[in-house]
Amino acid sequence: MTRFLIPALFVASFAYAADWPLKSGDTPLTSAELDALAGQTITFYDDGQAKFSAGGAYSYTYASGDSAFGTYSISKDGSVCIAYRNGFSRCDLYVRSGERLILIDQKGDRYPVRSD
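So that you can map any letter, position 32 of the sequence shown is 31 in numbering that gives the first Met the number 0, and since no number is skipped, the others follow by simple counting.
Worth flagging that the hints you see were computed from the coordinates, not collected in a lab.
Keep in mind the model is a prediction, meaning the values are calculated, not measured.
Just so you know, even glycine gets a beta-carbon here, dropped at the ideal spot from N, CA and C.
A portion of the hints provided could be inaccurate.
No farther apart than 27 Å at their CA atoms in a straight line, the calculated lysine-lysine pairs in the DSSO-like style are these [stated by the list, open to error]: (1) Lys-50 x Lys-106; (2) Lys-50 x Lys-75; (3) Lys-22 x Lys-106; (4) Lys-22 x Lys-75; (5) Lys-106 x Lys-75; (6) Lys-22 x Lys-50.
Cβ pair distances, simulated, as ranges [said to hold, decoys possible]: (7) Phe-68 x Ser-23: 30 to 40 Å; (8) Ala-37 x Arg-95: 10 to 20 Å; (9) Gly-24 x Thr-70: 13 to 23 Å; (10) Ser-23 x Tyr-61: 28 to 38 Å; (11) Thr-29 x Asp-65: 30 to 40 Å.
Generate coordinates for the entire structure from the input sequences, incorporating the hints supplied.
In structure tokens:
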């Protein structure tokens, strides 16, 4: 029974990702840009790093050096959804706002990506 419930919760969390609080000038990444995430590491201003590996593997390394591992997939609405090994899941939307790349989480919080 538990095996059925966990995937159902995971799918439900992805369904929530359809409504994003975009600001004027926000342009979601294209399908080609999202596909190009494979093999990339994105660094945020808190020194956290999101690594998207070919084949869908994902890791997030905190500034402390601790890491969380999982897999990522790209949803129909263009959001990037992460399923962590610990059972937690989330979806984020990456947008360009001017020259800046920004991650928007499901709560609407915005996290700019460092360009260096």
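Going through the hints against the structure:
no.	hint	verdict
1	Lys-50 x Lys-106	holds, 22 Å
2	Lys-50 x Lys-75	holds, 21 Å
3	Lys-22 x Lys-106	holds, 14 Å
4	Lys-22 x Lys-75	holds, 20 Å
5	Lys-106 x Lys-75	holds, 19 Å
6	Lys-22 x Lys-50	holds, 26 Å
7	Phe-68 x Ser-23: 30 to 40 Å	holds, 36 Å
8	Ala-37 x Arg-95: 10 to 20 Å	holds, 19 Å
9	Gly-24 x Thr-70: 13 to 23 Å	violated, 31 Å
10	Ser-23 x Tyr-61: 28 to 38 Å	holds, 32 Å
11	Thr-29 x Asp-65: 30 to 40 Å	holds, 33 Å
Taken one by one, the earlier hints fail for this structure only at number 9.
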